[in-house]
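Enquirer: The lines below spell out each chain.
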Amino acid sequence: MALTERIVAEDLRQRLGLPDASQAMRFLIGIPEVLKETGRKVAQNPFLRPTLLTPRSLTTAALTAGAANLGQLYSTNKILIEYIDRGQIYHLSSTQPLRRIPIEAANLPFQFDQYAYYYVQGDSLFCRDYQANVLTGSINLSVPFYPATLANLPATEEIERLFLDKMYEWALSNQDPTNDAAADGAK
Amino acid sequence: MALALIANVKSRVIAILNANPGVWSSSVSGTVGAFPSDSEIDLAALQADEWVATQCYFQSVNASLSRPFKTTTAISNGDSVPFHHGNVSQVELSPNNSTWDQGVMAQSRDDIVQAAALETYFGTGAADFLYYLDPTDGHFYTTSPYARITYPVFTRTAALQCDANEEALIADKAVSLLMKHASPALFAEYDQKAERGRQHIIQDGVYTEGTD
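Chains as they are written, first to last, in the numbering used here: chain Z, 699 to 885; chain D, 867 to 1078.
With the rest of the complex left out, here is chain Z (with noise of 0.2 angstroms):
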C-alpha cells in the first residue's frame, strides 16, 4: 500500500488522539522534511540502502575539470550528499566503482594503483583515474538518495513506518524536543 498525504494526515491524527482531520495541514506541511529525515534512516541502515539508491544508469553527472557538481546532482537527483561514500560512482574508464579517498590524500599519486577515485571538496566531486590524471566525459552514480515526495517513498512496510514514525516524532517535536519515537542513531 502506498502511502498518500491524506493517509498520513490521517494516521497521525489517531495517533494523536484528535478528534477530527480539521488539522491536517498541520502534518502536511511537515511531509517533505520527514521524508528527507527518512531518507537519511534508510541510507544508515545497510538492509534498507538498496531501496533507495539513485538507478546507475539514469543518474549522470557531467564533469567539467575532472569535477562533479553535487549542488546539481542534489537540486535534481535528491542524493544526500553526506551519504554519498555508501554508495558507488563509476566512470567509462573501469568496470570498478571509483574509490572514495580522503582529501588530505588527493595529491598523492599512485597511491591508488589499481582503481580510478574520487575527493569531495566542497560542493565538487573531484574524480582521478589510478595515475591521478583528471578525469573526463561523465560518471554514473547509484547513491542514497532521499524521496522528494510521497509517491517516490517505496511502499515497503519497514520504510513505510519508518517514515510514519518519523513524522509522529515530528508532529510531537513542538511539545517535546527530546523526544524521539523513530530512535535516531547518528550515523
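These are computed hints drawn from the structure, not numbers from a lab. Please read all numbers here as calculations on a predicted model, not as lab measurements. We put the beta carbon where it would ideally sit given N, CA and C, even for glycine. The reader is advised that the hints may include incorrect statements.
Simulated restraints on C-beta separations [to be verified]:
(1) Z/R859 <-> D/V927: 24 to 32 angstroms
(2) Z/R784 <-> D/T937: 26 to 34 angstroms
(3) D/T1021 <-> Z/T774: 53 to 61 angstroms
(4) D/D1057 <-> Z/Q712: 50 to 58 angstroms
(5) D/D967 <-> Z/A849: 12 to 20 angstroms
(6) D/P961 <-> Z/Q712: 18 to 26 angstroms
(7) Z/A763 <-> D/G991: 39 to 47 angstroms
Sample of chain Z residues lacking proximity to chain D, with all beta carbon distances greater than 10 angstroms (derived) [said to hold, decoys possible]:
(8) G769
(9) R784
(10) W868
Covered stretches of chain D, going by a simulated chain Z footprint (3 or more residues, C-beta under 8 angstroms) [as the list claims (entries may be wrong)]:
(11) 917–927
(12) 1014–1021
Since the structure of chain Z is provided, determine the placement of chain D on it from the hints.
Expert: Coordinates of chain D only, in the frame set by chain Z:
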C-alpha cells in the same frame, strides 16, 4: 412522501373562517372587501407551506426533516456559498469530477490558501480533501479542482411542498396570516396552534394536531 394539497388546506381555512359568524360569510369572494379573496387564501397557504418548511423542517433536530429540500450545486474555490436555510449539509470534493469524496473542514481559511500556494512543496493535490467555509464572509475555499455543496433551500412554486401530515399546521398558519381582517381574538387560537405546531416539529420531528 405524500405532499400536502392546497385544496385540502383551502377548504379547512374556509371552514375555520366561516366558523366565526360576523367575520366571514358563506362564500369566498373578492367582492367582499374585508374578507380574504380566493387568491389571497391560495397565497396564504403557499406562504404557510414555506413557513413550515423553513421555520419548522429546516430547524428540526439535525435538520432531519429538511431532506426533501436539499439541493446540490457545483462550487469552486472562492465562490460564495449559495443562499440556503440552516446549516450546509455536506461538501464533497473530487480530483476528477467523477469520483466524489466527503471533504474535511480545515482549521482555518489560511490552511487552504497556504495549501494552494505551497502545493509544489508537499505535492500537487496533497490537500485536495480539505475545504473551508468561512463563516465571516460566507465564502467557500478548497484546493480541490472540483467541489459540490449540498444545502437545504426552499423555492416556492404553485403547489404545496410539505408533507401531507402538516396540512393542519399549514391551515392554522394560513388562518393566522389572514386574520388581519378580523378581530385577532377570534383567530388567536390558530396563531397559537401554529406556533405550538412549530415547536413540536422542531423538538420532536413530528406534529400531530391535538397533542398540544
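Enquirer: Taking the minimum C-beta separation from Z/G769 to chain D, is that value above 10 angstroms?
Expert: Holds, because the least Cβ-Cβ distance between Z/G769 and chain D comes to about 20 angstroms, which exceeds 10 angstroms.
Enquirer: With 24 to 32 angstroms as the target window, see if Z/R859 and D/V927 comply at their CB atoms.
Expert: 44 angstroms, violated
Enquirer: Quick check on a hinted range of 53 to 61 angstroms for D/T1021 and Z/T774, using CB atoms only.
Expert: Given about 57 angstroms between the Cβ atoms, the range holds.
Enquirer: Since Z/W868 was said not to touch the interface, does its Cβ keep a gap of more than 10 angstroms from each Cβ of chain D?
Expert: About 13 angstroms separates Z/W868 from the closest Cβ of chain D, which puts it past 10 angstroms; holds.
Enquirer: Are D/D1057 and Z/Q712 spaced within 50 to 58 angstroms by their CB atoms?
Expert: Given about 53 angstroms between the Cβ atoms, the range holds.
Enquirer: According to a criterion of three or more residues whose C-beta lies within less than 8 angstroms of a C-beta of chain Z, is the stretch 917–927 of chain D covered?
Expert: Three-residue rule not met by the stretch 917–927 of chain D, so violated; n is 0.
Enquirer: Does the Cβ distance between D/P961 and Z/Q712 fall inside 18 to 26 angstroms?
Expert: 24 angstroms, holds
Enquirer: Closest CB-CB distance from Z/R784 to chain D, is it above 10 angstroms?
Expert: Given a closest Cβ separation of 27 angstroms, the condition holds.
Enquirer: Just to make sure I understand the rule, a stretch counts as covered if three or more of its residues have a C-beta closer than 8 angstroms to a C-beta of the chain. Does the stretch 1014–1021 of chain D meet that for chain Z?
Expert: With 0 residues closer than 8 angstroms to chain Z, the stretch 1014–1021 of chain D misses the three-residue bar; violated.
Enquirer: I want to verify a distance hint. Is the separation of the beta carbons of Z/R784 and D/T937 within 26 to 34 angstroms?
Expert: 60 angstroms, violated
Enquirer: Between the beta carbons of D/D967 and Z/A849, is the distance compatible with 12 to 20 angstroms?
Expert: 19 angstroms, holds
Enquirer: Taking 39 to 47 angstroms as the hint, is the beta-carbon distance of Z/A763 and D/G991 inside that range?
Expert: 43 angstroms, holds
Checked against the numbered hints above, the structure violates hints 1, 2, 11, 12; every other hint is satisfied.
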